[in-house]
Amino acid sequence: MNAIFAIAGTTLGEAIRRKVLLIIMMVGLTMLILTPAISSLSIRGQHDVLIQMVLGILKITSAILAVTLTVYLLPNEVERRTIYTILSKPVLRSQFLIGKYLGSVGALAIMLVMMTVVLLVAFAIQQSAWSVSQLMPIIQPAFLLLFQMALLAAVAMFFSTFSTPVINFFLTGLVFIFGTLMNPIFETYVTRESSGFMSIVARVAHYVIPNFGSLDISSGATQGGQVMRGGDLVYMTQGMIMALVYIGILLILSVLVFDNKEV
Amino acid sequence: MDGILPHCPKPLEETLDLALAIRTEALTKAYKTRTRRVDVVHKLNLEVEEGEIFGFLGPNGAGKTTTIKMLLSIIYPTSGKAEVLGKEIGNIAIHRKLSYLPEKPYYYEHMTGKEILNFYARLFNLRGDDKDKKIDELLEYVNLANAAGKPISQYSKGMQQRIGLAQSLLNDPQLLFLDEPTAGLDPIAHVEIRDLILRMREQGKTVFISSHELSDVERICDRVAILNTGRVKVQGKLDDLLRGGRVEITAEGVPQDLREKINHDGVIISQHGDRLIIDAADTIPTADFIDAIRAAKGTIVSIIPRRKRLEDLFVETIQSKDDVDGSNG
Numbered sequence: 266m267n268a269i270f271a272i273a274g275t276t277l278g279e280a281i282r283r284k285v286l287l288i289i290m291m292v293g294l295t296m297l298i299l300t301p302a303i304s305s306l307s308i309r310g311q312h313d314v315l316i317q318m319v320l321g322i323l324k325i326t327s328a329i330l331a332v333t334l335t336v337y338l339l340p341n342e343v344e345r346r347t348i349y350t351i352l353s354k355p356v357l358r359s360q361f362l363i364g365k366y367l368g369s370v371g372a373l374a375i376m377l378v379m380m381t382v383v384l385l386v387a388f389a390i391q392q393s394a395w396s397v398s399q400l401m402p403i404i405q406p407a408f409l410l411l412f413q414m415a416l417l418a419a420v421a422m423f424f425s426t427f428s429t430p431v432i433n434f435f436l437t438g439l440v441f442i443f444g445t446l447m448n449p450i451f452e453t454y455v456t457r458e459s460s461g462f463m464s465i466v467a468r469v470a471h472y473v474i475p476n477f478g479s480l481d482i483s484s485g486a487t488q489g490g491q492v493m494r495g496g497d498l499v500y501m502t503q504g505m506i507m508a509l510v511y512i513g514i515l516l517i518l519s520v521l522v523f524d525n526k527e528v
Numbered sequence: 045m046d047g048i049l050p051h052c053p054k055p056l057e058e059t060l061d062l063a064l065a066i067r068t069e070a071l072t073k074a075y076k077t078r079t080r081r082v083d084v085v086h087k088l089n090l091e092v093e094e095g096e097i098f099g100f101l102g103p104n105g106a107g108k109t110t111t112i113k114m115l116l117s118i119i120y121p122t123s124g125k126a127e128v129l130g131k132e133i134g135n136i137a138i139h140r141k142l143s144y145l146p147e148k149p150y151y152y153e154h155m156t157g158k159e160i161l162n163f164y165a166r167l168f169n170l171r172g173d174d175k176d177k178k179i180d181e182l183l184e185y186v187n188l189a190n191a192a193g194k195p196i197s198q199y200s201k202g203m204q205q206r207i208g209l210a211q212s213l214l215n216d217p218q219l220l221f222l223d224e225p226t227a228g229l230d231p232i233a234h235v236e237i238r239d240l241i242l243r244m245r246e247q248g249k250t251v252f253i254s255s256h257e258l259s260d261v262e263r264i265c266d267r268v269a270i271l272n273t274g275r276v277k278v279q280g281k282l283d284d285l286l287r288g289g290r291v292e293i294t295a296e297g298v299p300q301d302l303r304e305k306i307n308h309d310g311v312i313i314s315q316h317g318d319r320l321i322i323d324a325a326d327t328i329p330t331a332d333f334i335d336a337i338r339a340a341k342g343t344i345v346s347i348i349p350r351r352k353r354l355e356d357l358f359v360e361t362i363q364s365k366d367d368v369d370g371s372n373g
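Protein sequences appear in the order of chains A and B. In terms of the working numbering, the first sequence opens at residue 266 and continues consecutively. In terms of the working numbering, the second sequence opens at residue 45 and continues consecutively.
Errors might be hidden in some of the hints.
[Stated by the list, open to error] Pairs of lysine-lysine residues, derived as DSSO-like cross-links and limited to a Cα-Cα distance of at most 30 Å, are as follows:
1) B:K194 with B:K175
2) B:K87 with B:K76
3) B:K194 with A:K284
4) B:K352 with B:K281
5) B:K175 with B:K131
6) A:K526 with B:K131
7) B:K125 with A:K526
8) A:K526 with B:K87
9) B:K131 with B:K148
10) B:K141 with A:K526
11) A:K284 with B:K201
12) B:K281 with B:K87
13) B:K76 with A:K526
14) B:K305 with B:K352
15) B:K148 with A:K526
16) B:K148 with A:K284
Derived from the structure by calculation, the hints contain no laboratory data. Quick caveat, the model's predicted, so the values are computed rather than measured.
Taking the hints into account, I'd like the entire structure generated from these sequences.
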C-alpha cells in the first residue's frame with residue numbers, strides 16, 4: 266500500500282501544478298462567478314436558472330479537467346521514462362496504475378471542492394442564502410459530481426492503457442456523452458419499443474456504458490424549488506455504488522491490459 | 045581474437061550453482077512490421093558474474109536498452125530464458141535487490157532531491173528513521189547534501205545523474221543496471237560518476253553498464269559484450285579481448301634494403317631521421333625483424349608491446365561482417 270500512496274501522492278502533486286489544468290479551472294471559476302450576473306437577465310425564475318447554469322458549468326469544467334488530467338497520465342510516464350525507474354522497483358503494475366488513478370482522483374477532488382466553494386460563496390451572496398438547506402441543491406449534485414468524475418477518470422484510464430491520448434480523448438468523450446444521455450436513450454428504445462435491433466443495442470449499451478445520468482441530480486435539484494430525487498439518500502447511494510462498481514471493473518480491466526503492455 | 049571466441053553456455057538448469065548475476069539463454073525480442081519480423085535482440089547468450097562491472101556495448105539500435113528492459117520485465121521476451129540474481133525474470137521479489145538508472149532519466153521536477161529519494165524509498169517500503177538516515181547518507185555519498193532542498197528543475201545534468209545514482213542505491217542493490225550513465229556530462233561530472241561506479245564494485249555490487257563512452261568502459265569494466273543488430277558479436281574479459289594487438293619496434297641504423305624487406309602487410313613503417321619505427325600486428329613474427337636488424341648492424345632502441353584499444357576492437361567488431369558468436373547467428 267505504501268507504494269500505491271507514494272505514487273498517488275506524487276501524481277497529485279504533479280497534477281495540481283499542471284498549468285493547463287489550472288487554466289481550465291480558472292476559466293471555470295470565472296464563469297461560475299459571472300453566472301449570477303447573466304442569470305439575472307433571465308425571464309424564468311432566477312433561482313432555478315442560476316442553479317442549473319452553475320451546476321452545468323461545474324460539470325463541464327470538471328469533465329474537461331478529468332479527461333485532460335487522465336488521458337496523459339500513462340503516456341507522460343512512458344515518454345519521460347519515469348515509469349522505468351518505478352517499475353524497476355518492487356512495484357507491481359497494478360500498484361502503479363491504481364496509484365496513478367488515486368492521485369488523479371485526489372487532484373480532481375481538490376479542484377472540484379475549490380470550484381464548489383467558490384460557487385457556494387457566489388451563490389450565497391447573489392441569493393442571500395446562507396443556510397445549509399438553501400445551499401443543499403448545489404452541495405448534493407456537486408458531491409455526486411465527484412463520483413461522476415472519478416468514473417470518467419477510470420474510463421479515460423482504461424482507454425489510456427491501449428490508445429493514444431487523442432483517441433482516448435474522443436473515446437472517453439463519447440462514453441461520457443452516451444452515459445449522460447443513457448436514461449432518455451434507454452427510455453426511447455427499450456421502454457417504448459420492447460423489441461427490435463435498437464432495443465437490443467440500447468439494452469447492451471445500458472449495461473456496458475456507465476450511466477452518468479444516474480449520478481446527475483442537478484435537474485431534480487431545482488424542480489419545484491426543492492430537492493426531488495437528489496434528496497433521496499437511497500437514490501444517491503445507489504448511484505455512488507454503481508459508480509464504484511464500474512470504477513472497480515474498469516480498473517481491473519486496465520490492470521489486465523497494462524500487465525501485458527510493453528512500455 | 046582467442047579471448048572472444050564463441051561459447052555456447054550450458055543450459056540454465058546446469059549452471060544454477062555458479063555465481064552469476066545475469067544469465068540469458070537465446071533471449072530474443074522480436075517485433076512484427078507489416079511485412080516482416082524484426083529481431084531487435086536475437087538469441088542473446090550473456091553471462092555476468094557477481095561483483096564485476098560488465099560493459100554492454102554496441103552502436104545505436106543494437107538492442108542494448110531492449111535487453112535491459114527485458115531483464116527488468118519492463119518489456120517481455122519473445123522467446124528464450126533469462127535469470128537475474130538466480131531467479132527467472134518477471135519475479136518481482138528480485139526487484140528488491142536490483143536497481144536501474146535509465147538513459148537521460150527524468151524526475152518529477154516539482155520535487156526536491158530529498159523528496160525524490162523519499163518517493164523512491166517509499167516504493168521499497170522504507171520507513172521512519174531508517175529511511176531518513178539512508179536518504180541523508182546517500183545525499184552525502186553522491187555529494188548532493190547541500191542541494192537536497194533544491195527542486196530538481198534547478199539541478200544540472202551532472203546533479204540529476206547523481207541523484208539518479210542515489211535513487212538506484214536506496215535498496216543497497218546487489219545488481220545495478222546503468223544505461224549511459226555518463227552521457228552528456230561535463231568532464232568533472234563524468235569523473236565523479238565513474239568514481240562512484242568504481243566504489244560500487246569495491247562494495248561488492250555487480251554493475252551492468254550500457255555505454256557509448258568506450259574510454260570509461262575500458263577503464264572500469266572487467267568484462268564486456270559487444271552487440272550489433274541484436275546479436276552478441278564479442279564477449280569476454282577486457283584484458284583478454286585487448287591483449288596483444290600490435291608491437292612497436294624502434295631501431296636505428298637500419299639499411300635501406302632491409303627496410304624494404306620488412307615492409308609488408310600488417311606492418312606500418314615510419315622514418316624519423318635515422319630512427320625507424322616499425323608498428324606491426326602481433327601476429328607477424330617480429331622476432332625475425334629484430335634478428336635481421338641486429339645482423340645488419342642496426343640498433344634496437346625499444347620494443348613496446350601495445351595493448352589494443354577498446355575503440356579499435358569495437359570498430360573492428362562492428363565493421364566485421366562475420367558473426368563471431370555462432371550461437372547467436
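Enumerate the violated hints, using their earlier numbering and listing them in ascending order.
none
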